[in-house]
Amino acid sequence: MAKKVALLQGNEVCAHAAVYAGAQFFGGYPITPSTEVAEVLSVELPKVGGKFIQMEDEIAAMASVIGASLTGAKSITATSGPGVSLKQELIGYACIAEIPCVIVNVMRGGPSTGMPTGPGQSDVQQARWGTHGDHAAIALAPSSCQEIFSETVRAFNLAEKYRMPVQVLYDEIVGHMRERIEFPEPGELEVIDRAKPTVAPEQYKPYDTSFGDVPPLAAFGSEYRFHVTGLNKAQDGFPTTKAELVDDEQRRQIRKVENETARADIEKNEEYLTEDAEIIVFAYGSIARSARYAVNELRKEGIKAGLFRPITLWPFPEKRVAALAKQAKAIVVAEMNLGQMVHEVERVSKGACTIAGVFRVDGEPINPGQIMDKVKEVR
Amino acid sequence: MAYDYEKSIRPGKLPHIWCPGCGHGIAMKGLIRAMDTCGLDKNNTAIVSGIGCASRLPGYMDYCTLHTAHGRAAAFATGVKMAKPEMNVIVMGGDGDGTAIGGNHFIHACRRNIDMTYVIFNNFIYGMTGGQFSPCTPTGDKASTTPYGNPDPIFDISKLAIGAGATFVARTTAFHATQIDKLIAEGIKHKGMSVIEVLDDCPTTYGRRNKFRSVVDMMKRLKEIAVPVAAASKMTAEQLEGKVLTGVLYKEDKPEYCEQYAKVIAKAQGRAV
Ligand SMILES: Cc1ncc(C[n+]2csc(CCOP(=O)(O)OP(=O)(O)O)c2C)c(N)n1
Ligand code: SF4
Ligand SMILES: [Mg+2]
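The listed protein sequences correspond, in order, to chains V and L.
Just so you know, the first sequence maps onto residues 270 to 648 in the working numbering.
Just so you know, the second sequence maps onto residues 682 to 954 in the working numbering.
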């Protein structure tokens with residue numbers, strides 16, 4: 270049977286992918302350029318018996334998503350920069366209480382209201398460090414409509430598997446761009462559900478590390494009764510101020526994402542002509558499309574350029590970027606902000622090669638010509 | 682007959698954090714009796730709170746308990762209830778939590794008339810942070826941030842709830858301990874958003890700054906200001922000056938939110954509504 274094909278906008282694709290991944294709950298608050306995700310889910314979720322609610326603000330939306338997820342429902346919210354700023358306290362709550370959920374951030378510029386209808390990539394560090402306190406972060410950055418589908422499904426999978434909030438970050442260009450997309454058949458993409466406890470209810474501890482760094486999460490309304498708090502807590506879920514217990518829990522919550530095996534599972538990059546590249550262009554989201562074009566043009570001119578495109582932005586692909594820094598003469602980081610991921614590239618390169626940036630915050634995309642000029646400059 | 686509270690308390694979780702004389706314990710006992718009389722299934726009942734002294738309550742209760750962030754209890758609870766409408770959802774917290782930082786979530790939960798029971802422990806102060814004034818600190822009173830007397834007017838929480846659309850609203854005080862469970866039980870049985878305001882006391886941060894010589898004095902004040910709704914109808918405006926009405930202040934039957942959403946699902950699935 271031929272696959273279902275459609276011409277869809279990125280935001281619409283995201284909504285359909287959420288349903289494919291098994292989403293049962295959306296709580297949101299309208300904000301450009303993300304609103305179509307909510308609009309489509311208000312149509313699609315009730316069809317599959319799911320719930321859609323428009324809350325009174327983004328804080329409430331985030332709260333409702335965490336509450337719904339605790340009952341076992343896969344939950345999602347979608348917003349843009351100002352909305353993500355409002356959600357930050359509760360993103361931290363989802364981190365410490367370890368509640369799976371997906372937050373879509375269709376990025377515009379900023380700070381503040383900025384340019385609501387223009388694209389930006391200036392929330393990439395917010396996705397890492399936006400909420401207070403030490404915590405791990407997972408953020409995915411698709412660059413096409415088809416990839417919005419697969420990455421939204423993957424975001425749910427990672428949220429469920431690692432028991433934490435996962436952000437899908439794409440800029441307004443990808444969110445509003447229309448492309449042909451092929452709907453995967455049911456079962457074609459992997460769909461992961463959170464691990465459920467198998468112990469007897471009276472033995473259940475919501476943060477029981479005897480099951481590894483990601484303890485199984487029971488659902489409210491099941492035979493398991495437990496306590497959830499945003500305070501530092503012991504493995505039984507109850508607040509503690511005991512130094513060693515607090516320290517153990519905090520470190521475990523970071524380790525569960527940053528250990529070697531988890532990183533290998535979570536990290537995902539695309540590399541194009543990097544094998545023999547002397548200059549690496551580092552770009553993500555819509556800008557990676559300009560970068561790919563630039564690389565092709567540069568190759569035609571005999572310049573050995575290659576593209577490194579992180580699809581997983583966080584955790585940052587430290588090892589691979591460090592290796593590329595040793596191989597290349599220079600890495601050119603192109604992003605629609607005034608230099609954010611470039612700090613990571615600099616950090617892990619440890620001075621092994623020249624790092625240069627092409628930055629833009631005027632609401633216009635970075636074009637291939639700008640990237641080519643920079644590559645020629647640093648060559 | 683002595684009531685058995687132990688069966689609702691989580692083994693090993695007492696003593697609680699509250700100060701001697703704190704009214705939150707009286708309100709909690711009322712809540713326990715109410716939940717028990719209603720026969721709520723522990724596995725199928727969530728107690729959701731925000732942050733504050735009052736909001737520490739869920740940790741002591743043997744139910745599905747969710748201690749959220751300051752002010753956000755109603756919004757978390759909305760997610761729980763929407764996702765699993767068959768669960769009983771009790772929301773609770775302080776006056777500051779519910780009407781200052783959480784005021785927006787509070788009024789919108791009322792507006793939706795979602796089937797939850799929200800018990801507000803109103804001690805007229807931010808207890809946990811050391812006695813700063815709340816939206817319910819009486820005008821003129823002293824708080825750690827109103828050293829010259831509070832210039833702010835107050836919220837009447839019950840009126841606010843009625844205005845926002847809650848369909849069961851009641852008020853009582855920690856002095857009227859046996860009324861607490863009756864009103865909460867009525868609220869639990871009511872289909873829709875129920876708000877029960879329990880006026881209680883914080884001797885530690887409010888009482889001592891406002892010339893209450895003892896907890897007994899604070900209780901006496903609660904006794905003096907409370908006027909049952911029935912009695913109030915026979916009193917003049919002057920007589921009612923400085924009083925608060927107690928009992929069931931409002932009750933109405935209106936479509937409940939999750940039931941309304943069930944109709945949305947039916948329509949989306951092309952089934953008859
Ligand atoms: C976002 C945020 N802001 C401020 C606080 C500090 N804070 C904790 S409890 C509280 C006030 C609690 O007062 P109330 O809700 O009346 O409860 P009570 O302690 O009186 O029972 C405040 C301001 C916080 N925890 N989180
Ligand atoms: S500070 Fe006030 S509200 Fe908090 S526990 Fe003590 S008496 Fe109760
Ligand atoms: Mg208070």
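Just so you know, the hints here were simulated from the structure itself, not pulled from any lab data.
Wrong hints could be hidden among the right ones.
The list that follows gives simulated cross-link-like pairs (lysine-lysine, BS3-like), each with its CA atoms no further than 27 Å apart [stated by the list, open to error]: (1) V:Lys465 to L:Lys932; (2) L:Lys948 to V:Lys316; (3) L:Lys944 to V:Lys316.
Here the structure is a predicted model, which is why all the values come from computation and not from measurement.
Hints, verified against the model:
1. A distance of roughly 41 Å separates the Cα atoms of Lys465 (chain V) and Lys932 (chain L); the hinted pair therefore is violated under the 27 Å criterion.
2. Taking the CA atoms of Lys948 (chain L) and Lys316 (chain V), the gap is about 8 Å. The hint holds against a cut of 27 Å.
3. Between Lys944 (chain L) and Lys316 (chain V) the CA atoms are separated by roughly 11 Å; this keeps the pair inside 27 Å, and the hint holds.
Comparing the model with each numbered hint stated earlier shows that hint 1 is the single one that does not hold.
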